[in-house]
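Chemist: Residues per chain, in single letters:
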Amino acid sequence: MKTNKFKLDNIFQYSTYIVLALIFIVFTIGSDKFLTHKNVYTTMFNGGPLILITCAVTFSLLVGVIDLSVGAMGYASGCLAGILIKNYDAPIVLAFLAGIALATFIGWINSVFIVKLKMNAMLVSMGMMLIIRAIAKIITHDKTISLFSLSFLRQAKIKALGGFPILLLVVFFIVLVCNIVLKQTPFGRKLLAVGSNETVAKNVGINTDRIKSAALIICGAICGIAGCFWVITLGSVVVTGLVSYEFLAIAAAVLGGTSLLGGRGSFYPGSFIGALILLFIASGMAIMGISPYAIPFVRGVIIFIAMYVDSLRHKAMMLA
Amino acid sequence: MVLDRIKFFGQRNKQLLGMLGAIAVMLLVLSISVENFMTWTNITNLLAQVAPIAFMATGITFVLITKGMDISGPAVMAASSVIAVAFITSFKVITAVHLISGCMILLLAGGFFGFINGLAIAKLKMVPLVVTLSMMTVATGLATVLGGARGLPTIPSAYANFFNKYTVIVMVILISSALDFLLTGTSFGRKVYYIGNKEETARISGINTDNVILIVYIICGICAALAGIVNVAIISTARASMGPQSQILDVVSAAVIGGVSVQGGKGRVRDACLGAFLIVGVNNVMNLIGVSDYFTTLIKGSIIIFAMGISSFRQFYFSRIRA
Amino acid sequence: MEKKSPLQLKNISMTFPGVKALNNVSFTAHQGEVLGLVGVNGAGKSTMMNILGGLLQPDKGSEIIINGESVKIKNPRVAEDLGIAFIQQEVAAFETMNVYENVLASDFDKWRKNRSPFLNKKAMKEEVRKHLATLDCYIDVDTPTHSLTVGEKQMVQIARALSQGGQILLFDEPTASLSDHETQKLFEIINNLRTQGYIIFYISHYLDEIFEMCDRVVALRDGQKTGEAPISEINKEKLVDMMIGHFVETTERKNSRDKDDIILRAENITGVKFPRNISFDLHKGEILGVWGLLGSGRSELFNTLLGFDKMVEGTISFNQNGELCEINHKDLYQHVGYLTEGRHHNGVFLDMTIAENITSSDLDRFASKGIGILNNRKEKEESRKYMKQVNVKAVDENMIVSKLSGGNQQKVIISKWMLKDPDILFMDEPTKGVDVGAKAEIQNLIFDRSEKGVSFVVVSSELEEIMNLCDRIIVIAEGKLVGEVNRDDFSKEALMAGIVKQEEKVENEQVQVG
Chain A
268 MKTNKFKLDN IFQYSTYIVL ALIFIVFTIG SDKFLTHKNV YTTMFNGGPL ILITCAVTFS
328 LLVGVIDLSV GAMGYASGCL AGILIKNYDA PIVLAFLAGI ALATFIGWIN SVFIVKLKMN
388 AMLVSMGMML IIRAIAKIIT HDKTISLFSL SFLRQAKIKA LGGFPILLLV VFFIVLVCNI
448 VLKQTPFGRK LLAVGSNETV AKNVGINTDR IKSAALIICG AICGIAGCFW VITLGSVVVT
508 GLVSYEFLAI AAAVLGGTSL LGGRGSFYPG SFIGALILLF IASGMAIMGI SPYAIPFVRG
568 VIIFIAMYVD SLRHKAMMLA
Chain B
200 MVLDRIKFFG QRNKQLLGML GAIAVMLLVL SISVENFMTW TNITNLLAQV APIAFMATGI
260 TFVLITKGMD ISGPAVMAAS SVIAVAFITS FKVITAVHLI SGCMILLLAG GFFGFINGLA
320 IAKLKMVPLV VTLSMMTVAT GLATVLGGAR GLPTIPSAYA NFFNKYTVIV MVILISSALD
380 FLLTGTSFGR KVYYIGNKEE TARISGINTD NVILIVYIIC GICAALAGIV NVAIISTARA
440 SMGPQSQILD VVSAAVIGGV SVQGGKGRVR DACLGAFLIV GVNNVMNLIG VSDYFTTLIK
500 GSIIIFAMGI SSFRQFYFSR IRA
Chain C
7 MEKKSPLQLK NISMTFPGVK ALNNVSFTAH QGEVLGLVGV NGAGKSTMMN ILGGLLQPDK
67 GSEIIINGES VKIKNPRVAE DLGIAFIQQE VAAFETMNVY ENVLASDFDK WRKNRSPFLN
127 KKAMKEEVRK HLATLDCYID VDTPTHSLTV GEKQMVQIAR ALSQGGQILL FDEPTASLSD
187 HETQKLFEII NNLRTQGYII FYISHYLDEI FEMCDRVVAL RDGQKTGEAP ISEINKEKLV
247 DMMIGHFVET TERKNSRDKD DIILRAENIT GVKFPRNISF DLHKGEILGV WGLLGSGRSE
307 LFNTLLGFDK MVEGTISFNQ NGELCEINHK DLYQHVGYLT EGRHHNGVFL DMTIAENITS
367 SDLDRFASKG IGILNNRKEK EESRKYMKQV NVKAVDENMI VSKLSGGNQQ KVIISKWMLK
427 DPDILFMDEP TKGVDVGAKA EIQNLIFDRS EKGVSFVVVS SELEEIMNLC DRIIVIAEGK
487 LVGEVNRDDF SKEALMAGIV KQEEKVENEQ VQVG
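Residue numbers (the working numbering), protein chains in the order written: chain A, 268 to 587; chain B, 200 to 522; chain C, 7 to 520.
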């Protein structure tokens, strides 16, 4: 019995890799422009914000909180950085730090509402999303802020690897750090424990409120970094920036095997590969000239299937 | 005796009284701040504006009571409207028959989207939020594709003339009271509450929970379609952007302000509709006073958080009493 | 170890809004003794444990003294620092995590690799293996917890308590979900811990266990201490007297029915894991007992038979109009009631009124044809009728069920099934967690109904109860039917015989495989 189940678990573990490989095979056959250094790098580089936001939302999902304000927090961070650079000639590093600080602060506010005041997480973060977007629109007067001074960051590339964008290293680094935090540190275990069963966690003496708050604040901070990354990749701050990224990020995390009920999930392969799957599907479809309207369709269907597989996995676990 | 009755009624309908109070305050503010607000035209206009949100809030009340979630409302509304208008405008000469069958198609489409949601949630046991999230993307995508790059042509004004503001007001009142009765006065409604309170117990009690949940999501889809009927009358055509994804916030917050619990098992259609009135009313206050749209969103966001705060406080308070 | 570390509780009171759960309770616990805490439901045992475990805060004036120092246990963390470890009633585990993570969950920070922020997994696993070894339990520490048996999870929980390095262990109904075999093992462990000088609190409903395990007992009733004595100085009657004030007699079943019409025939019922190939007949008006240890597949038998779990194989026949014909789960459920084991889990709608709960089993009776408009007045009248019949103690039928005591909630569930008036009533542990008085009432009710032709299938963990109640008992072990005993032949030995045989067989098989 037991050996069987482990095998089943293993198949689920590798399923994300298998799906990603399938996507690569299909699109490589479909178009010779798909599997090129340029396409792979650009897709990952432009998808950097999504990968990071997926990591952020994974933190909140691990403790069983669905945070819908992740996209907006990223937007707030990028927006603030952009304004500081454009209007106040602030040094780039300082501007980015300010942006990240702002997102972290918003994460803290979320944690106060959700953890301290015990409000429904989904509605609070939804409200937060609205508020952030509204404030940002008021401040930017609904206009695009162009930032030419950032193009050098965008163009920094490693020639030896066929034009590997240096900034992509930042994304990899953050995924790596998140992964180590989850798998190697006491804090990571506590995250899992709180998400797995909050009552028991409280009873064994884990300060569940603090762990949940920390997860939400870290979620904010990573969103802040994602926001800065987004500003760099785009070279401007547009009003519709990172809209509906919260849904994409949650979908990516779920694709990567993170449970919406908390207590199960990973950054690598989980969130990282999950995000890559969504990114490369979009890129592949674009290259093959499929109507951009169809992309949400396909995405919707894929999320649906991922969720179905997830529920199957849950059932298999409970039966064992 | 009479006094006792009133007291009892008050205890059972705290939410209703609270809502009525809030609405009275809102109307008072409006009539003070805006000259000649209390005219027949203004009031009926306001009521007609409430209709789409009220319909969707009605639908989501059913869903929330079963402890579910449906964020695909506005997207479903747009998609079914686009399907119906595409059907109507595909004829060269449009007669009343086409318009009526268009309405039927609209309602059927809404019900169908709800059916898919319900199927995935009730039968495949998937998480409601994610199911309706993917439904939202799919429906928006469908509306965009069908709507085409240049948009759909307009439909004859006979449609808008028929669904004028008086028809709409009567529709809202009739349909929401009917659904309120369905929820509170019939065995189906009772089953919905049972499921929200404890699905497992409901199943053990011999209730076919899967079917009830399925029907609840179908009702929610049809309610979204009803909102579509009203909205099509307003813009005389249909497009994907008529159901912005953020509108679901208005809908959910209308229900939540109306005392429908996101934890399931509590709430009424009547109060949710009053919540919709309040939300749309606040929008109007802002507009009339001359506050920009963005501030309105901001204030709405705060209202949601505030309403949540009240309901979670209430829960906290009761749990203290019970422990 | 040399120094004595007694735990003194002085004037402990605990007030919940409207209820005084504990009223000036004082007693002392000594090192190296097992102190039994007894009382009926709602007597305050669990409240006392929760106070010691730091989950509840006692009223002002209460004093807890450990090693001569007055302490305040503000939260579980403080309790842990004071050396108090709490093993809860419900087996509480982090299902998605591994065994070793579960054991060490209370203090991950301790396990850093020499002051770096990283965990020393090797040392962690080593430590866990050590603790599990003292418990004589050799589970792989990397096993995901959700795949363990209930008994193994209990061991993990005890290992967690040991790893906290506590000197005071609180066991709250530890055997509630264990099989006999596992219970024996647990007793050995507790005996072991006693000799090592731990202070052990032991709460149990089973008086036999109290007499077997404890050195001394403290009895509580309605939040007050009603007695304290070394176990050697009292007997069962005395203990019950302390617990409830008077000894309640349960009636004997007078005339057990002759076998007449078969109402239900189950053949080869097989589920995914349990049950395996079980067949039995049920007669009209019969009370059939299903006896087996926990984990033997008793509840699974009910769930499979009634269609809540998947039935892989088997046929069910039901007596309709004098003829036994095959029936599917859905139609069968029209004729049966099912009182489940987990009252809070799936028995009642906690936030709804008594009337709404009672009518849930047959709602359509109160609804008009067509759209189903409910007749509220009729609903309430009927509910009142059944509340009276079953003797539910409540203000009126509009009371919210969560405000009732456990026994009364159970009676509401029974009223609910009485209202449906089924031909067969399946009852899984009908008196679990119900105090002695209500227990007798429930038993009498079952007798009364069976006289009127209702058949019962009853699962109970209490041998005495099931022997008192049933006309016939079928015995299952490992999901299989291993015996059938008629009322005339009832004895503990007869019931255990089948099980022991089965267990030996399984163990032999395992030896051969190993």
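Hint data in this document are derived by calculation from the structure and do not stem from the laboratory. Check each hint, because a few of them may be wrong.
Unchecked claim - Simulated pairs of lysine-lysine, DSS-like, Cα-Cα distance not exceeding 27 Å: (1) 469/A with 136/C; (2) 322/B with 213/B; (3) 116/C with 322/B; (4) 66/C with 78/C; (5) 322/B with 383/A; (6) 469/A with 450/A; (7) 279/C with 383/A; (8) 469/A with 159/C; (9) 80/C with 469/A; (10) 469/A with 290/C; (11) 324/B with 336/C; (12) 426/C with 375/C; (13) 324/B with 191/C; (14) 290/C with 116/C; (15) 399/C with 450/A; (16) 465/B with 383/A; (17) 266/B with 290/C; (18) 385/A with 206/B; (19) 26/C with 445/C; (20) 316/C with 324/B; (21) 336/C with 322/B; (22) 409/C with 399/C; (23) 465/B with 80/C; (24) 391/C with 316/C; (25) 409/C with 206/B; (26) 119/C with 136/C; (27) 336/C with 136/C; (28) 80/C with 127/C; (29) 438/C with 399/C; (30) 336/C with 469/A; (31) 206/B with 78/C; (32) 80/C with 66/C; (33) 127/C with 316/C.
Chemist: All hints, please: hold or fail.
Modeler: Evaluated hints:
A distance of roughly 25 Å separates the Cα atoms of residue 469/A and residue 136/C; the hinted pair therefore holds under the 27 Å criterion. Note on residue 322/B and residue 213/B: the hinted pairing is violated, with a Cα-Cα distance of about 36 Å set against a maximum of 27 Å. Distance hint between residue 116/C and residue 322/B is unfulfilled; the C-alpha atoms sit about 46 Å from each other, more than 27 Å. For the suggested pair residue 66/C and residue 78/C, the alpha carbons sit about 11 Å apart, so the restraint of at most 27 Å is met.
Of the pairs offered as hints, the one joining residue 322/B and residue 383/A is violated, with about 36 Å between alpha carbons and a cut-off of 27 Å exceeded. A C-alpha spacing of about 21 Å is found between residue 469/A and residue 450/A, which places the hinted pair at or below 27 Å, so the restraint holds. Taken as a hint, the residue 279/C and residue 383/A pair is broken in the structure, with Cα atoms around 43 Å apart against an allowance of 27 Å. This hinted pair checks out: residue 469/A and residue 159/C have alpha carbons roughly 18 Å apart, not beyond 27 Å.
Restraint check for residue 80/C and residue 469/A: satisfied, since their Cα atoms lie roughly 13 Å apart, inside the 27 Å limit. Between residue 469/A and residue 290/C the alpha-carbon distance is near 50 Å, which puts this suggested pair outside the 27 Å criterion. At most 27 Å may separate the alpha-carbon atoms for a hinted pair to count; residue 324/B and residue 336/C meet this at roughly 20 Å. With a CA separation close to 18 Å, the supplied pair residue 426/C and residue 375/C stays within the 27 Å bound.
For a cut-off of 27 Å, the pair hint linking residue 324/B to residue 191/C is broken: about 39 Å separates their Cα positions. With a C-alpha separation of about 63 Å, the suggested pair residue 290/C and residue 116/C falls outside the 27 Å cut-off, and the hint is violated. A distance of roughly 53 Å separates the Cα atoms of residue 399/C and residue 450/A; the hinted pair therefore is violated under the 27 Å criterion. Proximity of residue 465/B to residue 383/A is assessed by CA-CA distance (about 24 Å); at most 27 Å being required, the pair is judged to hold.
For the given pair, residue 266/B sits about 41 Å from residue 290/C by alpha-carbon distance, which is inconsistent with the 27 Å threshold. About 31 Å separates the Cα atoms of residue 385/A and residue 206/B, which puts this hinted pair outside 27 Å; it is violated. At roughly 24 Å between alpha-carbon atoms, residue 26/C and residue 445/C fall within 27 Å of each other, so this suggested pair holds. As the CA atoms of residue 316/C and residue 324/B are separated by approximately 16 Å, the hinted pair is consistent with the 27 Å bound.
At most 27 Å may separate the alpha-carbon atoms for a hinted pair to count; residue 336/C and residue 322/B meet this at roughly 17 Å. Restraint check: the Cα-Cα separation between residue 409/C and residue 399/C comes to about 11 Å, which is no more than 27 Å; the hinted pair holds. For the proposed pair residue 465/B and residue 80/C, the alpha carbon gap of about 34 Å is over 27 Å, so the pair is violated. This hinted pair does not check out: residue 391/C and residue 316/C have alpha carbons roughly 37 Å apart, beyond 27 Å.
Taking the CA atoms of residue 409/C and residue 206/B, the gap is near 22 Å; set against the 27 Å cutoff, the hint holds. Of the pairs offered as hints, the one joining residue 119/C and residue 136/C holds, with about 19 Å between alpha carbons and a cut-off of 27 Å not exceeded. Our distance criterion of 27 Å between C-alpha atoms is broken by residue 336/C and residue 136/C, whose separation comes to about 51 Å. Between residue 80/C and residue 127/C, the direct Cα distance comes to roughly 31 Å. Violation of the 27 Å bound is thereby established for this hinted pair.
This hinted pair checks out: residue 438/C and residue 399/C have alpha carbons roughly 18 Å apart, not beyond 27 Å. This hinted pair does not check out: residue 336/C and residue 469/A have alpha carbons roughly 42 Å apart, beyond 27 Å. Between the alpha carbons of residue 206/B and residue 78/C the distance comes to roughly 45 Å, so the proposed pair goes past 27 Å and is violated. Between residue 80/C and residue 66/C, the direct Cα distance comes to roughly 13 Å. Compliance with the 27 Å bound is thereby established for this hinted pair.
The straight-line distance between the Cα atoms of residue 127/C and residue 316/C is roughly 40 Å, outside the 27 Å bound, and the hint therefore fails.
Violated hints, in rising order: 2, 3, 5, 7, 10, 13, 14, 15, 17, 18, 23, 24, 27, 28, 30, 31 and 33; the structure is consistent with all others.
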